[in-house]
Structure formats: structure tokens, C-alpha cells
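Enquirer: Chains as they are written, first to last, in numbering that gives the first Met the number 0: chain A, 0 to 293; chain B, 0 to 293.
Short derived list, chain B residues pointing at chain A, Cβ under 7 Å:
no., residue
1, A161
2, Q166
3, A169
4, N181
5, T184
6, D198
7, A201
8, S210
Worth flagging that the hints you see were computed from the coordinates, not collected in a lab.
None of these values were measured; they are calculated from a predicted model.
A virtual CB, placed ideally from N, CA and C, is assigned to each residue, including glycine.
Protein chains: 2
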Amino acid sequence: MRIAFIGLGIMGSRMAANLARNGFELTVWNRTVERANELAAAHPQVRVSSSPADAAADAEIVITMVVDGPQVRELLLGEEGAALRAAPGTLFIDCSTVGIAEAQAIGAELAERGFGFLDAPVTGSSPRAQDGTLLFMVGGSTEDFERATPALQAMGAKIVHAGPVGQGQAVKVISNSVTAVNATTLAQAVLVAEGLGADVNALIEVMRNGSAGSTMVELKAAPMRDRNFPTLFKLDHMLKDVRLCLEAAHGAGVEFPLAGEAEQVLQAGSEMGLGDEDFAALIRTLEPRTDLAP
Amino acid sequence: MRIAFIGLGIMGSRMAANLARNGFELTVWNRTVERANELAAAHPQVRVSSSPADAAADAEIVITMVVDGPQVRELLLGEEGAALRAAPGTLFIDCSTVGIAEAQAIGAELAERGFGFLDAPVTGSSPRAQDGTLLFMVGGSTEDFERATPALQAMGAKIVHAGPVGQGQAVKVISNSVTAVNATTLAQAVLVAEGLGADVNALIEVMRNGSAGSTMVELKAAPMRDRNFPTLFKLDHMLKDVRLCLEAAHGAGVEFPLAGEAEQVLQAGSEMGLGDEDFAALIRTLEPRTDLAP
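If we strip away everything but chain A, and leave its shape as in the complex, we get (with noise of 0.2 Å):
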């Protein structure tokens, strides 16, 4: 089977190289045309293309890993998209995270030209990429989620279906938005221990025995206690998906209070210049100020 796989970062070249790995033909198009040139000197059954149209025209399944809605809709249906030159019938499968809205309209417009859609957006950071082990959250029909699952599983662990077109975002932003807040519950709560005079590694060990384990404790208390944030997540990400829930939700007639204060939490350490690093740098803004006179 032959797939196109459009968008090559972080976490699409590595996506791309496990289905090359576990043979799969691909046709791949990146903005940067070197990455796609180190991907096909690495992999010989992967071939460049020049456009996302090309890429697309003798593919079964087409697969973009971008950043944002306005991406994926011009890769797929812009000028040089790739649903112009795909065969009918064409599975399209977008494992960006675009929002929940956004993927309904992108599958509609797809529907109307007669390809199918799904929307599959991931988590696991790099590490986990490169691995073939995320979790893949898919919304769209059981058709093409049955279709779709060899590719999946080639690159992920778990795969989960979530429901109809937008079901995967849906999940995907509300999960994403929980470990934002309990980021910052925790951000707080190591905060709290050092005004109180507690004893940090205590509090982590605690937690981690107790019920306010978490996976966020377990991969972030110690880079807050230590201030120091190894990138696997950027902060601006996790603010984007985290809006994205909360746009849902309003939308919906529902509250999501505590993702309004990780947002708010977020926003101030993308104000603050933190965009890049790791989220859990968002402890920073939450700390006494010691810059300001009494």
C-alpha cells in the first residue's frame, strides 16, 4: 500500500520512518525539501515529491502531521493540495491537532469531493514517535477506522476510537487540557511546600505513593523542583490545545473552570518568553517575585 505523508517536523519524520520501516511504499512532501531528501536516503521505499498534489496522486491513504488547521486546509485543499490530484476514494487521515470544529468542516469538505476522512491526532512527545508507541485518538467511521488501523498501528501503540469526524480532537484537547491543569496543581502545590519550609523530595515521594500520583508528577515534579525543563512539550502547544478545549466547550453550553486557570497560567508564560520551552516552565510565572521593591 502506498501512502503520501505530508509534514515532515519533529514528529512526522519519525511517524513516516516507522511506516517506511514496517513497509509501507511512501510518497512524502515537506516545506523543507531536506528533510523529506534525508528521510528517502535513509528509507529506499520512500519517494520525494514536489507538492502535496503530487504526493497524493497515487496514494491509497494520505496522512499530514502539521501544526494547525490553516495548514492542514491548505495542504489538503489549497492551491497545490493534495485532494486535487487524489483518486476517489482517497482515506485522508490528519493526526494534527486543528480543534474539534475545524476537523468537522476539513472531513465535510473531503466528503463532498468523495474521499473519506479521519481525524487522528496523537499524544506522545518525540521519544514516543520515534518508538512507533503513541496513542492515537481517532474520530470518523468505523470503515475507516478499520482501513486506516495497519498505518496506525505502525506508528502507535494504542489506538483508540473515539466516535465520528472530530471525536479524536475532542478527546485529544480535553486529555491534553487535564495534564495542563494537573501541571499546574502541581507547579502550586511545589510552590507551596517551599513557602512552607516542607521538604520537596518528600512531597514528590508522597505523591507519587499516593493518590495524588500522576503522570505529571512522574515526568515534571522533578524538573520544577530542579528548575530546569527539558523540551518534550512546548509551552505555546500546550496553550493551543488547552484554548481549543475551552473554544469547544463554550461552545457547547459547558464550563471548563480549571482549564481557564491553566490557560491563564499558560498564557502568562508565553507572555513571559516561554513559549518555546517545556510547559513545565509554567511554574515560573506562579513564583514569588523577587524583582519588585517591597
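Given the coordinates of chain A, work out where chain B should sit on it, guided by the hints.
Expert: For chain B alone, kept in the frame of chain A given last:
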């Protein structure tokens, strides 16, 4: 070694039984004497005493496990309190959650009378008390900590020395506040998923396998989804712990805004009459009101 154990409630009775099983001689006291008699009937090395003072008379260690600071104060320092007849050098261990300032005040009063003191609150509900797998967070001197360790190991799987007197409380109330915020976040996420028409089971599966994972997701996501809350830890008790944390943080001039949000949700739950239910019932306070005219 003889231990006086004061307070045989749901937790205390199970903790005392584990001390007896591990070969400690016990003198026990409980306001409702039937609980003490039951324990003595099941364990030949348990003796029932007529007052806290009486229980402490020939003990090397006095353990209290009750509801709050005023109770601890009365049982140790009141008219028939354990301090009245305890031998010089007796080590008092309070396993209740009483707050940092109260633990420090009680510790200081006992020290004036020549006694040692550890604040050693626990985490883990009655099944872990039963199995002897509680987690103890201990504040006090290293010497007292080492002296207490064999007894604590008979009741717990993990014993963390958190610093001087009061720091066991600090770590406990901060950790429980993180639990409370994580639970509130989870409840809001479940309600957002429902509001968006997303698949709550898919969301739970994704959270469990991704960065949003937490002990709260493991323990409370299904009860919240089903609106069926087996009581492991009462909502009013969680509210108490969060308030103790907020009071201590306020006193130290640090903030814990997300714990403040959780406090308001728990307070609303208590006012709705959910105080004796498991704290997962806090989701009820967040649900869209269906009993009001539009």
C-alpha cells in the same frame, strides 16, 4: 514493647490489629468501649484500658488516630489525657490529620513535659489500613523517627520522613489538596466530554495511557462516569484537609489558587448534603442544573 493505641475508628481499629498481629503488646482506649472489647477478644495481647491516661501508664509509645486537633489535644493533654500518667521519655505519635500549626503546638506542649512527639498522618483508606500498606508521612526528630519505625512498619508499606514536627502534616495536606484538584479537574473533563457528545470511555482510556494519567483517573473516572460513588474517603474529610492546606499556605504568605477552586467545589458539595459520600460525588455540584426553569 507496649504501645498505647487511642482511637479505634475505621482506620485506627485496623492499624491497631496490625500492631497486635506483628507482636506488639497493646493497651487500647476508645470512646465507644465495644470497639476496644472486640479488638481484645480477637487478639490476646490487647488490653482494654479505662481512660487515655490509664492506657499510657505503662506504654513506651502512645499512638493517637482520631478526627481532628481538638480531639488529639483532649486525649493527650486533657483532664484524663495520656500525658498525665505517661512515663518520662514516652514517644507520642499522632496519626490524625490536624494541620501544621496544631501539630507543632501539641509537639511543643509535649516536649515541655519531657515527651517525644511525631506527627505521622497517613494516606490510604481502610483497605490499606487493613492490609498494613498505609503510607506514613512523618514529622519529627531523626531519633524519634527511628524509634517509631518498627511500629509504623507494622501498619504501613512506606514510611517517609518529611522533616521536623509539622512537616508530616504539611506533606499530607499539600498532597491531599493535589488529589482534590485532580479529582475536580477529572469531574470537569467528564462533564465537558458529555457536553461535547464525546465518548467518555475513549477519554478515560486516553487519559489512562497518556500524559493526563493519574491515580484519580484510575480510582474515580468510572465512578464519576456512572455517578456511583463507593465511599473510600468522605467529601467532608477531603474538604477539611484542603482547608488545612489553604490556612497553612495563607499563613506562610504563599498561594494555592487551584486548591482554592477545589475547596469551593467541595464546600458546595458539603452544602448539598454530600459530605458523607465519597469525594468523587463532587461531580454532582458541577452538573448542569436540570431543576431550574430556563
